[in-house]
Amino acid sequence: MNATLRHAGWVLRGNPVTAIAATAMLVLVGLAVAAPWIVPYDPVVSDVSNALKPPSAAHWAGTDQLGRDILSRLLSAARLDLAIAFSAVGISFVAGAVIGALCGYAGGALDRWTGRLVDVLMAFPLFVLAMALVAALGNRVENIVIATAVINLPFYIRFARAEVSVRRNAGWVEAARAGGEGRFSIVLRFLIPNILPAMAVQISLNLGWAILNAAGLSFLGLGVQAPTPEWGIMVAEGARFIGTGQWWLVAFPGLALMLAVLCFNLLGDGLRDILDPRMRT
Amino acid sequence: MVVFTFILMRVLPGDPATFFASGPNAGQEEIEQLRKQLGLDRPIPVQLVRYLGDVVTGNLGRSMTTGQPVTTDLAQRLPASLELTFFALIIALSLALPLGIAAALRPNSIIDHGVRVLCTLGVCVPTFVSGLLLIYAFYYLLGLAPDPTGRLDVFSSPPPDVTGFLLIDFLLAGDFEGLRAAFAQLVLPAATMALFVLAPLARMTRASMLAALGSDFVRTARSIGMADRRVILVYGLRNALLPVLTIIGVVFSTMLGANVLVEKVFSWPGIGSYALDALLASDYAPVQGFVLLIAVIFVLVNLTIDILYSVVDPRMSAE
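Chains A and B, in that order, are what the protein sequence lines are. The letter at position 34 of the first sequence is residue 34 when you use this note's numbering, and the numbering goes up by one with no holes. The letter at position 187 of the second sequence is residue 187 when you use this note's numbering, and the numbering goes up by one with no holes.
What the hints contain is simulated information worked out from the structure, not anything from laboratory work. Since the structure is predicted, the reported quantities are computational estimates derived from the model, not experimental observations. Note that the Cβ used here is the ideal one computed from N, Cα and C, for glycine as well. Some hints could be false.
As the list claims (entries may be wrong) - Okay, the calculated beta carbon distance ranges per label pair:
| hint | chain 1 | residue 1 | chain 2 | residue 2 | range |
| --- | --- | --- | --- | --- | --- |
| 1 | B | LEU242 | A | ALA106 | 43 to 53 Å |
| 2 | B | ALA173 | A | LEU110 | 51 to 61 Å |
| 3 | A | ILE20 | B | LEU242 | 50 to 60 Å |
| 4 | A | THR23 | B | LEU172 | 30 to 40 Å |
| 5 | A | GLN225 | B | PRO243 | 54 to 64 Å |
| 6 | B | GLY225 | A | GLY90 | 52 to 62 Å |
| 7 | B | SER215 | A | ASN169 | 28 to 38 Å |
| 8 | A | ARG116 | B | VAL312 | 22 to 32 Å |
| 9 | A | LEU5 | B | HIS113 | 42 to 52 Å |
| 10 | B | VAL311 | A | ASN169 | 25 to 35 Å |
| 11 | B | SER94 | A | LEU188 | 33 to 43 Å |
| 12 | B | GLY225 | A | ALA95 | 35 to 45 Å |
| 13 | A | GLY115 | B | GLN76 | 53 to 63 Å |
To be verified - Footprint (simulated), chain A over chain B, 3 or more residues, beta carbon under 8 Å:
| hint | segment |
| --- | --- |
| 14 | 110-123 |
| 15 | 238-244 |
Stated by the list, open to error - Residues from chain B that keep clear of chain A, each with C-beta distances beyond 12 Å, as calculated:
| hint | residue |
| --- | --- |
| 16 | ILE90 |
| 17 | THR127 |
| 18 | GLY214 |
| 19 | SER253 |
Just need the whole structure built from these sequences, with the hints factored in.
Here it is in structure tokens:
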């Protein structure tokens, strides 16, 4: 553990971009958690006399068509967007790791059928699949989470399966089997912990993608509904005013989305360097 | 896959018969009649078998919102989407290949770092944001682009319908004024989509070019004094194209998904916006048809790429 930390410190020193990304992500999560207490204005209360004002000292990011403060809405939205991304990726990681590891360890019919199901899922463009899922399950936030989790699932299943089948006959698995551990116990207590570091990289890269997906769905009017502050909805509402030059309605939520995704992607690349030196680019 | 889309759409909540009955105070009788007409009174397996039969005979059902058969609607709108997607792919490739090659020729140079920064940022900006910002810059600020709605501005008349691809149709009709108008409408949405897929293409080109340029045959070609241009384009690029082709397949799939977003931003009358409208109106048949069509296109694209493999690398067809 100590050696890992030291290695992490060494990599971070040599790679300031990752350190910046990690700090930025911590700040982002901190802002999202603290949002209800630090927002300067109520994010859903409208003030029509102040509508469509450009950024100023009172409203740093301007106001939208109902006079709501965009900065306050951005901060509250961060909470929702991050929560959606984290829970979606969490679900698909847990489910994918367990299913994939069982398939990789057991093989046989289970493996074949899961493999076929994964192939069917991946035969669709994933964003289209997510759209159809949200429509099928109903237009609610939980269903955005589920849809995003489902379209991420194939990657985790494949990844866990490949990593586990490499280790299936390793000495320490053999030893656990000889020691009288059951199948599930071997998979859950020995194999999955062993593939966790490699999966962490996948998780970080996936979080960015999950945020883009959730925002895209809300932009289309699926999932999160107005007036709830959410980055995708804010862009969708601002879209009506872009042709008349009110750029701040779109630019700031867009910037927030971009920064969040950028943080997760850079962090993922950095994590790869720390956890898996073989895959260094 | 057909079965999967069918099941997906049948678990949709909301009864379409109630939705499309004449109004909120439609009688129970009318709803029942509509349901019978739509075949919704039968058990689900019976509906599935009927649907499979219909798909085989090319009947995808009727859209409740437009009142036309789904096949007709999709056929009308598909060229718009394909024109947009292909044009975007051409823009992306014509930028990504030179950028990737330039980066690979001088690793760790300013060009290389610039390309890397561009790629890292490119994947982070959602298409709907970059599209809107392009509209702001080129329509509002600079006034270079026309009103970003649809495939043609209101002053132009559409060309005689031959292929459905406006650019080709205008060209066939010899109407260069129309060609210019259609092109102006197409550039912004296509550029939006191209920006989004530029990153994976350029990154893959760079990586595989680096590998190809580091190989023995390139060193040999250089050592016998062959011109740089020939070494890079014939020996390097030809060998680097295979992984790039693979990634084009992946990129195409992402583009089909991103189509929905871009078509919505630019009010582009393609299959994506058609399916989205149907989806929001809980009109099953068009959505089913759309998902099916996308899957078919996806399979065709992968087939084409497999064939192209053997063109690019004759060793592949020997197996």
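Against the structure, the hints:
| no. | hint | result |
| --- | --- | --- |
| 1 | LEU242(B) x ALA106(A): 43 to 53 Å | violated (35 Å) |
| 2 | ALA173(B) x LEU110(A): 51 to 61 Å | holds (59 Å) |
| 3 | ILE20(A) x LEU242(B): 50 to 60 Å | violated (36 Å) |
| 4 | THR23(A) x LEU172(B): 30 to 40 Å | violated (58 Å) |
| 5 | GLN225(A) x PRO243(B): 54 to 64 Å | violated (43 Å) |
| 6 | GLY225(B) x GLY90(A): 52 to 62 Å | holds (59 Å) |
| 7 | SER215(B) x ASN169(A): 28 to 38 Å | holds (35 Å) |
| 8 | ARG116(A) x VAL312(B): 22 to 32 Å | holds (30 Å) |
| 9 | LEU5(A) x HIS113(B): 42 to 52 Å | violated (30 Å) |
| 10 | VAL311(B) x ASN169(A): 25 to 35 Å | violated (41 Å) |
| 11 | SER94(B) x LEU188(A): 33 to 43 Å | violated (51 Å) |
| 12 | GLY225(B) x ALA95(A): 35 to 45 Å | violated (59 Å) |
| 13 | GLY115(A) x GLN76(B): 53 to 63 Å | violated (38 Å) |
| 14 | 110-123 | holds (count 3) |
| 15 | 238-244 | violated (count 0) |
| 16 | ILE90 | holds (20 Å) |
| 17 | THR127 | violated (8 Å) |
| 18 | GLY214 | holds (15 Å) |
| 19 | SER253 | violated (5 Å) |
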